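Trainee: Protein chains in written order, with my numbering: chain A, 3 to 424; chain B, 1412 to 1589.
These are calculated hints, taken from the structure and not from any lab test. Just so we're clear, the structure is a prediction, and the values are computed from it rather than from any experiment. Any given hint could be a false lead.
Claimed, not checked - Covered by chain B, according to a simulated footprint, are these stretches of chain A (three or more residues, beta-carbon under 8 Å):
#1 71–79
#2 96–103
#3 365–372
#4 380–387
Beta carbons: idealized from backbone N, C-alpha and C, even for Gly.
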Amino acid sequence: MSTPEVRRPSAPQVPYREMEESVELSHIAHEGDGEQELLTLNLGPHHPATHGVLRLLTTLEGEVVRDVKPIIGYLHTGIEKTAEDKAYWKVIPVIERMDYLSYYFNAMAFCGAVETLLDLEVPPRAQYLRVIHLELNRIASHLIWLATGALDLGAISIFWYGWRDRDRILDLFEMSSGQRMHTRYIQVGGVMEDIPLGFEQRVRDFCSEFPSRLDQFEALIDKNQIVLQRLRGVGAVDEQTLLDLGVTGPLLRATGNPWDLRKAAPYSSYDHFDFKIPVGTVGDNYDRYRVRMAEMRESLKIVEQALDGLPEGPYITPDRKYALPPRHELATSMEALIHHFKLVTEGFRVPPGEAYYPIESARGELACFIRADGSSKPARVHMRDPSFVNLQAFSAMVQDSYLADLIATLAMLDPILGGIDR
Amino acid sequence: MPDATGLELIAQELRRAHEAAGRGSGDAGGVLDTAYFRDKAALLVTPASVQATLEHLRGMGYRFMASVHGVDYFPEEPRLGVHYELLDMSTVDRITVKVRVPVADPHVPSVTNEWPTADHQEREIYDMFGVIFDGHPDLRRILMPEDYEGHPQRRDFPVGGEPVFFTHNEPRLPRYTQ
Chain A
3 MSTPEVRRPS APQVPYREME ESVELSHIAH EGDGEQELLT LNLGPHHPAT
53 HGVLRLLTTL EGEVVRDVKP IIGYLHTGIE KTAEDKAYWK VIPVIERMDY
103 LSYYFNAMAF CGAVETLLDL EVPPRAQYLR VIHLELNRIA SHLIWLATGA
153 LDLGAISIFW YGWRDRDRIL DLFEMSSGQR MHTRYIQVGG VMEDIPLGFE
203 QRVRDFCSEF PSRLDQFEAL IDKNQIVLQR LRGVGAVDEQ TLLDLGVTGP
253 LLRATGNPWD LRKAAPYSSY DHFDFKIPVG TVGDNYDRYR VRMAEMRESL
303 KIVEQALDGL PEGPYITPDR KYALPPRHEL ATSMEALIHH FKLVTEGFRV
353 PPGEAYYPIE SARGELACFI RADGSSKPAR VHMRDPSFVN LQAFSAMVQD
403 SYLADLIATL AMLDPILGGI DR
Chain B
1412 MPDATGLELI AQELRRAHEA AGRGSGDAGG VLDTAYFRDK AALLVTPASV
1462 QATLEHLRGM GYRFMASVHG VDYFPEEPRL GVHYELLDMS TVDRITVKVR
1512 VPVADPHVPS VTNEWPTADH QEREIYDMFG VIFDGHPDLR RILMPEDYEG
1562 HPQRRDFPVG GEPVFFTHNE PRLPRYTQ
């Protein structure tokens, strides 16, 4: 009897440093000859303050950041490629897993693009239900930002409070769709199900209670000298630079530019609601914090108005070519059975064309580009993820600031690596 | 959004600017085609006139580049496409500028110097489709590993061909140490 030969793997012979030769550092101006030398520090990819798997190739002079190159792709899972192999309605679950904190937004952008290609009208009740869930999702996403951002500044209490209140929103999602995350609630043509009995009351309870929670958070943070000194005047970038870098969302609004797609190009009945766009003044980390806190209050107002004005009617398009027939029809209607069979096996076909559908997610302009070739599967799905584009501004934000402020600025940038790497 | 007529006017203006700049009128003034689909205007331009077209549109108010994305039009030729989504924030207008290049010669001039936001997005298209952006300051792979071969978002890229490394099959898989 012979033991099988076990070969010990040797270290991979990949010349990583040579391949990263283009990461060139000689352009960075630094003072002091010989005494103060530049230090290259790899921050991440596995680092709790990078909010995911982000690697920051940082060049330091003493404690001052002279250059930052974000290196991404550690979370790349090829979702856009996977989507090309699935029928349109089966793409929604994988699309939702891109930016894993704002799954309703991902599904909304995708479904909106498909509806544009199909020229499909969404019933008003479905539009309102979408708005309710989108805005609750915005609050949930901002709460994670607040929790982890405060943790990066050293505040542990806010961390727990943020997760606690986000859990209440997840309870609401669980009630309406059966899932806490990646709910697959928004479907092409409407939403998956009507809201259950008692859902409205629980959302109203949340809406009436949450402002006091926000007051508590602000009482903890707004008068905290440590937090204020870490945020005020740190990481400020002017509006034009951000626009050139394609930055949208709370980061852009913090500089005073009131660009918000919900107001500028209303989709899904956002023009029916009365809400304000919070803006900052100088665009530093404090403004970013204030803008997001104020946005949560505005989102609550939208949710309440949507509940008040929730129209009656179907919650998904009555067109059986695109929406599954209700369960009871399957037992009595031959056509319903055929439609059900066709939708579940092949899916619906989408006429050839290209659509770009932008919405305002919690982090900025989230857009879905779809190219349809006439079959039941998309020929190309591309997500313009706000985190991916916003990350480009990071270098400008932390240039010549302290390393500790880099952590705070990254937290206030609020990148989600699942969305960046897709 | 510019309507269908407005799009033709923009195309005409671009052609006129193209001629006025002395770049000849041979290749239809840089604008190959216009498309108006679902209230969305799109211009198809030649790769050589991308920068000039985008600059002209910037002068017309489209100052914000919302997105750059790549498309593989397989089996149509030319196969690879690059789309630039421009946005006019004051009038809330959007327009798409498209370029098509063949796989054999996938060269598009980079617009990163004029539009800094295109930096990462051009790198992603290079990574996923193999479009080479001439003049890009730092054209490396961005999402795939640096030693990866091939461009996975192309339509003819095989799916599922890579063995997955586990502890039990690690020594048996080919080239596992390389």
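Trainee: Give a verdict on every hint.
Mentor: Checked hints:
1. 71–79: Check passed, 3 qualifying residues.
2. 96–103: Violated: only 0 residues of the segment 96–103 of chain A have a Cβ under 8 Å from chain B.
3. 365–372: Three-residue rule met by the segment 365–372 of chain A, so holds; n is 3.
4. 380–387: Result for this restraint: holds, n = 4.
The structure fails to meet hint 2 from the earlier list, while all remaining hints are met.
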